[in-house]
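Undergrad: Listed below are the residues making up each chain.
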Amino acid sequence: MTRYIIQRLLLLLPVLLGISIITFGMLRLIPGDPARIMLGEHATAEVIASYRERMGLDDPIHVQYIRYLGRLVRGDWGRSISRQEWVTVELAQRLPATIELSIGAMLVACAVGIPAGVIAAYRHNSMFDLGTMVGALVGVSIPVFWLGLMLSYVFGFRLHWLPPSARLTVGIELQTIPEVYNINLTGPLGSVIMSILNFISNLYVFDSIVTVNPDALIDSLKHLVLPSVALGTIPMSIIARITRSSLLEVLGMDYIRTARAKGQHERVVLMTHAMKNAFLPIITVLGLQFGGLLAGAILTETIFSWPGMGRLVVERILARDYPTVQGAVLVIALLFVLLNLIVDLSYAFLDPRIRYG
Amino acid sequence: MDEPPGLAEQIAVPTAGQSTVVGDPDLRSPAPGGTVPRDRFMLERQSKAPSSLWMDAWRRLTRDKLAIAGMVIIALFIIAAVFAPLLAPYDPIEQTLLQRRQPPSRQHWMGLDEVGRDILSRIIYGARVSLQIGLLSVSLAIIVGSILGAVAGFVGGWVDNVIMRLMDILLAFPGLLLAIAVVSILGPGLMNMLYAIGFVSIPVYARIMRASVLAVKEQDFVLAARAVGVTTERILWREILPNAITPVLVSGTLGIATAILDAAGLSFLGLGAQPPTPEWGSMLGEGRGSVFTAPHIVLFPGLAIMLNVLGFNLLGDGLRDALDPRLRM
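Protein sequence lines correspond, in order, to chains Z and R.
Per the numbering used here: the first sequence = residues 1 to 357.
Per the numbering used here: the second sequence = residues 1001 to 1329.
No wet-lab data here; the hints were simulated from the structure.
One or more hints might be untrue.
[What the hints assert, rightly or not] For lysine to any residue, the following SDA-like pairs were computed, each having C-alpha atoms within a straight-line distance of at most 25 Å:
{"#": "1", "chain 1": "R", "residue 1": "1065", "chain 2": "Z", "residue 2": "123"}
{"#": "2", "chain 1": "Z", "residue 1": "222", "chain 2": "Z", "residue 2": "180"}
{"#": "3", "chain 1": "Z", "residue 1": "222", "chain 2": "R", "residue 2": "1295"}
{"#": "4", "chain 1": "R", "residue 1": "1217", "chain 2": "R", "residue 2": "1157"}
[As the list claims (entries may be wrong)] Pair by pair, the computed Cβ-Cβ distance ranges are:
{"#": "5", "chain 1": "Z", "residue 1": "173", "chain 2": "R", "residue 2": "1143", "range": "55 to 65 Å"}
{"#": "6", "chain 1": "R", "residue 1": "1161", "chain 2": "Z", "residue 2": "288", "range": "17 to 27 Å"}
{"#": "7", "chain 1": "Z", "residue 1": "179", "chain 2": "R", "residue 2": "1091", "range": "15 to 25 Å"}
[Claimed, not checked] Some chain Z residues well away from chain R (every beta-carbon gap over 12 Å; in silico):
{"#": "8", "residue": "5"}
{"#": "9", "residue": "14"}
{"#": "10", "residue": "27"}
{"#": "11", "residue": "36"}
{"#": "12", "residue": "48"}
{"#": "13", "residue": "84"}
{"#": "14", "residue": "85"}
{"#": "15", "residue": "88"}
{"#": "16", "residue": "142"}
{"#": "17", "residue": "174"}
{"#": "18", "residue": "212"}
{"#": "19", "residue": "218"}
{"#": "20", "residue": "325"}
For clarity, every value in this text was computed on a predicted model and none was experimentally measured.
Using N, Cα and C, we set each Cβ at its ideal position, and we do this for glycine too.
Just chain R, same shape as in the assembly:
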């Protein structure tokens, strides 16, 4: 191929003694110490067509077996969520009290829960709730956090100080605890839980956005843009945002995993989704009393949570490796 090597390969110069295995990104050597200065990074970026970064990233991502596994898992859950009414063999909230706690059988692959609802159907419908909470709460956090971070980075001075100190305060609480505190104020419920989980991850995105703004603000091309009279708004959208999108995308994907896990935890405690909503965490919470007599009631919802979270973690890891090899763990 005549095409110049990918941007990332140029930056990640392996130090002596390290082997660079390209085939399986998770097994490649960690981010090496010798990196090309940032200026060159900027130069490369300008001299190439903007799509090449994404093309390179996509190529790396599709070579990453674990990331592909993650995408397959997520795709399965999305299919389950979208086509739930077609896929679910039974009504997820219809109770057949005479058959309650029935173990898995031919008719009910995952058995019946403590009030005789088909667990498989509830898990399929539960994918809707989980994915929605994951996507919506992270979107909320990204939007609010990015605005706050961009303002802080752009305006600077006391505005920056006030916003970032507020973010520090939010970060002074363990995420789940703060979410619980917020839900205890707003009252239990699916939407309130969504707000709470979104709220607690705002600081993450605010920090990323602020750092990106600060990194780019003083770059020559932004100065040049300013000099020729480009408006601040345009600089923000055209120059700074594209630079921030990579870390936001990586954190966002991993953030969905955390959000789904936290949502399941809150629902398990009875603070999130309320019965009879088929939500995996509340299925575990409601079935908890039956764990010794009918373990299948808690086994399957837990596996569903784990698999879904694993999917986003695998994809997030893969994205990080593909988009920014310097961040590789």
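In isolation and in its complexed conformation, chain Z is listed as follows:
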């Protein structure tokens, strides 16, 4: 197992290098001088020349790439053009919102998808089964952004059940964990802890629980519902399908017949005997879908004015703010790769029959 993990991590290296080459290449492949793109249309020739000199843009391309890689590793991802803020700071502010939304979407997807799939498999060929399968096909065909717009129109605007956009109602105060508990650490380790605390404080639901703020908790949960449903629809449909087919396969096996023959209660047969074995493919799909959510978040966040990574990418592409786009693409790709790795490893971990050597 350890050997397999090490092997997988080593295989990750070329992929990570490839990702960095692509994000590095993004800025070089854009038609035009990167210096002019960075400094804007009004920069004078001298300013551009000195910028080229300073950034080493006249060096050979491989030298530039190695320098870029070195900066990435040191955590210097450059500054955004439009805000003059460190890219890493911007990303750290935006990432928690996306994580929160993805978790919300995944909870919705599992809460509906798994039971629907189980019932569909159990009542194989019933109307419920047909309905679930057709529903799942419609679910993967819905454009996320359209569903989002419709949900916010119906439930936000028309029925006033839920807020149509944003993460918190204006006027609801939410303090960070360091603010509430008066934490102020200094020194190298202290500043790392402080930034971690600030990072998790941006997970509003988590923060409002830790800082005991029931108003903010309810409000942030309400804001989370519609975007989560919109983003969760595709994984929900896929999870329902895979649950159904996986369970159907298991239910046809001899040991299930044996369990039934010895008079075991149907619920026990289904929930303990069958589900235990049916779960493996479900977990795989779950992990893969989590990665896919990162892409769906780009559209969902735009619809719901959700201040996450996805919306950041769209905003900055339209503003031609390439350092931030590079950073955001890099982070999303890294998360995606990491999630896939976790799925693979958990697969080996969960199924003792699988032995990677």
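Given the coordinates of chain Z, assemble chain R onto it according to the supplied hints.
TA: For chain R alone, coordinates are given in the frame of chain Z:
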């Protein structure tokens, strides 16, 4: 009928306790564990006329109600696309500013958009854009991906390694994000979006093609062909390609659905089709501000996208069941 049972029926041997419902493929039991070894599959394939696989598949496909529904939906959109000038009641880009945001009426079945264009006409013309993007981007991906995959599988060694690691890197990005990154490099626009969407799905077809080549390369009949002096090129076209065509066809059909969805998303963000092109995604993007005051502006383009994508998903699913029962979900 004296004709031997279909190839797929022979392979899919149901395990005990499973019922095999033939009538509605989507409700049939999943791919069972007990499958006949691959050698027999090859044997069957050789001993029968090559058309029988396709005849069987076609028979299964036409028995599949959901797949037929998919074909009907796609046919409707193709008719809309081909005969758009005849079917559309109005000019899709002509603005009647005095009547903007008018809800559906007798004259305008789907109402008018935020600058007073007839939404029904725009949706009919939009079928052209959507189908073109779907078909062209997937064709691009299939051609490039198949060549890369075939080369990787055939040549092997470091060439295989380099090509497939490159594909792994592309797969390290969520598809839509990579497409957005590519469009941000090339600049927004319909053609650039088409390239971007095609580009991101290359790895899928490269993998399929490589796997097919590897599966067939060592088979006895290819060895035999080599032994009698058949050229590599001929082996590729006559022996390997026909074996790869099934999974490519299934992935391609489902790929069109994804491509249409991604294209709509990119256009919605303003990175794809530019105004005043009647494209469903950009209709949604432009009409987004009117969602609370005139929801019909965003309702209909979204339904069009959904229905079109659903059509390809239904057909793709049906094709998978019909062509390769072992892959059935």
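Undergrad: Determine for every hint whether it applies to the structure shown.
TA: Hint-by-hint comparison with the structure:
no.: 1; hint: R:1065 / Z:123; verdict: holds, 20 Å
no.: 2; hint: Z:222 / Z:180; verdict: holds, 23 Å
no.: 3; hint: Z:222 / R:1295; verdict: holds, 23 Å
no.: 4; hint: R:1217 / R:1157; verdict: holds, 14 Å
no.: 5; hint: Z:173 / R:1143: 55 to 65 Å; verdict: holds, 57 Å
no.: 6; hint: R:1161 / Z:288: 17 to 27 Å; verdict: holds, 24 Å
no.: 7; hint: Z:179 / R:1091: 15 to 25 Å; verdict: violated, 59 Å
no.: 8; hint: 5; verdict: holds, 18 Å
no.: 9; hint: 14; verdict: violated, 6 Å
no.: 10; hint: 27; verdict: violated, 9 Å
no.: 11; hint: 36; verdict: holds, 15 Å
no.: 12; hint: 48; verdict: holds, 21 Å
no.: 13; hint: 84; verdict: holds, 21 Å
no.: 14; hint: 85; verdict: holds, 20 Å
no.: 15; hint: 88; verdict: holds, 19 Å
no.: 16; hint: 142; verdict: violated, 5 Å
no.: 17; hint: 174; verdict: holds, 27 Å
no.: 18; hint: 212; verdict: holds, 36 Å
no.: 19; hint: 218; verdict: holds, 24 Å
no.: 20; hint: 325; verdict: violated, 6 Å
The structure is inconsistent with the numbered hints 7, 9, 10, 16, 20, although it conforms to all the rest.
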